[in-house]
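S.K.: Full structure from sequences and hints, please.
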Amino acid sequence: MPPTRTIALTVLAMIAFAGNSLLCRAALKHTSIDAASFTTIRLISGAVMLWLLVKMRRITPGGEGNWLSAVALFIYAAGFSFAYVSLPAATGALLLFGAVQAMMIGHGIWAGERLRRLQLVGLVLAFGGIVGLLLPGLSAPPLYGSILMLGAGVAWGVYSLRGKGAGDPASVTAGNFLRAALISVILSALMLNGASWDIAGFWYAVSSGALASGIGYAIWYTVLPALKATSAATVQLSVPVIAALGGIMLLGEPLSLRLVLASLAILGGIVLVILEKQNAI
Numbered sequence: 043m044p045p046t047r048t049i050a051l052t053v054l055a056m057i058a059f060a061g062n063s064l065l066c067r068a069a070l071k072h073t074s075i076d077a078a079s080f081t082t083i084r085l086i087s088g089a090v091m092l093w094l095l096v097k098m099r100r101i102t103p104g105g106e107g108n109w110l111s112a113v114a115l116f117i118y119a120a121g122f123s124f125a126y127v128s129l130p131a132a133t134g135a136l137l138l139f140g141a142v143q144a145m146m147i148g149h150g151i152w153a154g155e156r157l158r159r160l161q162l163v164g165l166v167l168a169f170g171g172i173v174g175l176l177l178p179g180l181s182a183p184p185l186y187g188s189i190l191m192l193g194a195g196v197a198w199g200v201y202s203l204r205g206k207g208a209g210d211p212a213s214v215t216a217g218n219f220l221r222a223a224l225i226s227v228i229l230s231a232l233m234l235n236g237a238s239w240d241i242a243g244f245w246y247a248v249s250s251g252a253l254a255s256g257i258g259y260a261i262w263y264t265v266l267p268a269l270k271a272t273s274a275a276t277v278q279l280s281v282p283v284i285a286a287l288g289g290i291m292l293l294g295e296p297l298s299l300r301l302v303l304a305s306l307a308i309l310g311g312i313v314l315v316i317l318e319k320q321n322a323i
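The opening residue of the sequence shown carries number 43 in our numbering; numbering runs sequentially from there.
Check before you lean on any hint, since a few could be wrong.
Claimed, not checked - In silico lysine to aspartate or glutamate, EDC-like type, Cα no more than 20 Å apart, as pairs:
| no. | residue 1 | residue 2 |
| --- | --- | --- |
| 1 | K206 | E106 |
| 2 | K270 | D210 |
| 3 | K71 | E295 |
| 4 | K206 | E155 |
| 5 | K71 | D240 |
| 6 | K97 | D210 |
Calculated directly from the structure, the hints in this document are not laboratory data.
M.R.: The following block contains the structure:
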């Protein structure tokens with residue numbers, strides 16, 4: 043793949059991933075749609091789009107997902123939606139990304155990976171950033187929403203780990219989205235009394251599922267083989283930044299000093315862990 047195309051597709055994928063935070067927050071803040079309905083519509087739309095993309099590309103199935111991965115995907119999607127009832131887009135994206143990376147790093151340690159000195163410094167710095175962000179104060183994010191988003195991040199980390207080597211990524215993701223959508227339908231049925239939505243909220247959810255998730259993941263899987271492991275990990279650091287900028291420009295969200303300092307600590311700490319890991323190889 044030509045370098046210019048690799049860069050362009052990578053930028054599009056990161057914008058799509060950040061777009062999920064912006065679309066979800068906009069829908070739950072500015073429309074009447076509820077979090078359960080948003081989750082269900084998002085997962086169904088993502089499943090349909092991924093299925094269409096698989097059919098169009100005539101991919102030979104290399105696995106069609108499984109229920110355990112689908113449960114992890116559902117927990118991520120539901121926690122993500124319910125967290126954004128109260129969290130600003132930037133804070134939510136930062137907590138999600140921090141939790142995903144913590145899960146991945148923790149799994150590596152559990153599997154026997156030894157951290158170098160600078161990696162330990164980075165891990166402490168990132169953890170301190172998350173703690174500092176959540177400490178009580180006027181600019182602290184809502185604790186309930188923060189816990190939900192951290193849980194969503196852990197679930198996405200589990201989903202990512204389970205997906206390694208599972209077959210063709212697009213086929214596997216399409217199957218998992220379909221299974222997760224079925225679980226989400228049950229959730230919506232259980233919460234039917236509190237269900238509400240309007241046309242704007244519906245289209246926000248469809249856009250999140252079909253465009254930001256379905257097409258976003260398809261683009262990412264296309265460009266991923268052209269990226270080094272370190273590049274793939276570090277480029278994702280841009281997602282919380284893009285979400286923060288989008289939240290400020292599109293949703294009118296404030297940018298607090300606490301969020302800026304926490305972002306520098308969390309993202310900077312993760313950079314140390316990733317780069318030192320590459321140097322050790």
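S.K.: Confirm or reject each hint.
M.R.: The hints, checked one at a time:
In summary, the hint linking K206 to E106 is supported, as the alpha carbons are separated by about 13 Å, within the 20 Å threshold. Between K270 and D210, the direct Cα distance comes to roughly 19 Å. Compliance with the 20 Å bound is thereby established for this hinted pair. Proposed proximity of K71 and E295 is supported: the alpha carbons are some 11 Å apart, at most 20 Å. A C-alpha spacing of about 17 Å is found between K206 and E155, which places the hinted pair at or below 20 Å, so the restraint holds.
At most 20 Å may separate the alpha-carbon atoms for a hinted pair to count; K71 and D240 meet this at roughly 13 Å. A distance of roughly 13 Å separates the Cα atoms of K97 and D210; the hinted pair therefore holds under the 20 Å criterion.
Hint violations for this structure: none, all hints satisfied.
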